[in-house]
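> Spelled out from the first residue to the last, the chains are:
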Amino acid sequence: MVWQTVLRILLFLICAPFAGGLLDGLDRKASARMQGRQGPPVLQPFYDVWKLFHKQTIVVNRLQDFLVGGYFAFSVFTGCLFFAGGDLLLSFFALTLAEVFLFMAACSANSPYSSMGAQRELIQIMSYEPMLLLAAIGLYMVSGSFFVDDMVGRGASAIALLPGVFFGVVFVFVIKFRKSPFDISSSHHAHQEMVKGLTTELSGSELGLVELAGWYEDVLLLGFLALFVLNRGVWSIPAAVLTCLACYFLIVLVDNVFPRVRWDKMLGWAWAVTLIFGGANVLILALVR
Amino acid sequence: MSKSPWVLHYDGSSCNGCDIEVLASMTPVYDLERFGVVNTGDPKHADIFLITGGINAQNAPVVKQLYSQMPDPKVVVAVGICACDGGVFKECYNILGGVDKVIPVDLYVPGCAVKPESIIDGLRKAAVLLDEKEKRMKAGAPARKEG
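Taken in order, these protein sequences are the chains called A and B.
Residue numbers for the first sequence follow our numbering, so the first one is 1 and each next one is one higher.
Residue numbers for the second sequence follow our numbering, so the first one is 1 and each next one is one higher.
Only chain A is shown next, with the shape it has when bound in the complex:
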């Protein structure tokens, strides 16, 4: 069984950047078409990252190097843990730790845009963490374990018992994917908010690392969505893939339709959805059992 786990980790390590980059490219192409433009080629994100690694890297201080490296390392570690079938809660905490590394990298630059972006990143984390933890609790109640392997090994899809939680998770994923209306700390692509917010002081290979880590994280997030659909049956695999793509497309659509909101609206809406959809779902589950 060990070699199976190793194989899954290796698959994730190698395939996730390509999958994440492709998703990014599809996102930009779809957004362009929605706006009536031709849009960049689907492989554009790969050209972007290639270019970034061939640029001169200007660092503000040596600490920034280490912190960005920490963010990358923990993003990858979280994904490996998740796809190896490990503990879901541990994955979430590792992901939060990765975000803290990014936050500290932004703070270490001592620039006003960077610092404000970092503060907004903290507010973002505060907005989505409750929903993610509630989702982990919901999945535990449904499958009896915090381990991803047990969650996908069930007879029926978890979404049948957790529709509210699923909706809540898709809602807060708009924050995680850095899309409008909740892209207040460092928007995806060229939409400027305080110059570039979090990533203002990063350049060259450091920025390339942040992009790559973002791709690993995107694959992890979609994997988490798939967790709600996967079960022991073999037909759940295409169903999960379709669900992930549909949700991703929905998030891209929302990105193109809604303008950015203020931090207090983001916090308020995210917590309202968490309480109403996530909380009610978990409460009903607890009462019914």
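Treat the hints as calculated values from the structure; they're not laboratory data.
Each hint should be verified, as a subset may be incorrect.
To be verified - Covered stretches of chain B, going by a simulated chain A footprint (3 or more residues, C-beta under 8 Å):
| # | stretch |
| --- | --- |
| 1 | 29-37 |
| 2 | 40-53 |
| 3 | 68-74 |
To be verified - Part of the chain A face toward chain B, derived, beta carbon under 10 Å:
| # | residue |
| --- | --- |
| 4 | GLY36 |
| 5 | GLN44 |
| 6 | GLU201 |
Glycine included, C-beta positions come from ideal geometry on N, C-alpha and C.
With chain A's structure known, arrange chain B on it following the hints.
Just chain B, lined up with the frame of chain A:
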């Protein structure tokens, strides 16, 4: 490198005519993004420095600082006749001249205001220049890290 030219658009003292045309080039009618061009507002992320408007005493140090903040390889494009040599305001007491008075300019795109087609043409040539600079950079000194 030429497949992903990220642009920093800076208005020196422009009347905004050229700026509006630059922004128009990003709209669906002309769509610069299909060439991979992204209008990033951050010099540390940009490859191409797109300047409109002439240089005066107030913006000269700003332009120099923005240029120094950009990582190599980088290309400077002077868009509009005011950025090329001061344009209609060349004889004014406050205008020092075009952008090449403070930083080395690689490409001049004249016009008043510049047509989006010319801007696109200029940015395509600038992207090719980026490739050449990157080759020279690899052959010459290794990338330096500034504090």
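> Could you run down the list of hints and mark each one as holding or not?
Results for each hint:
1. 29-37: holds (count 5)
2. 40-53: It holds: at least three residues are needed, and the stretch 40-53 of chain B offers 6 whose Cβ sits within less than 8 Å of chain A.
3. 68-74: It holds, with 4 qualifying residues against the three required.
4. GLY36: Holds - the Cβ of GLY36 of chain A comes within 10 Å of chain B, reaching about 4 Å at its closest.
5. GLN44: holds, 5 Å
6. GLU201: holds, 7 Å
Taken one by one, the earlier hints all hold for this structure without exception.
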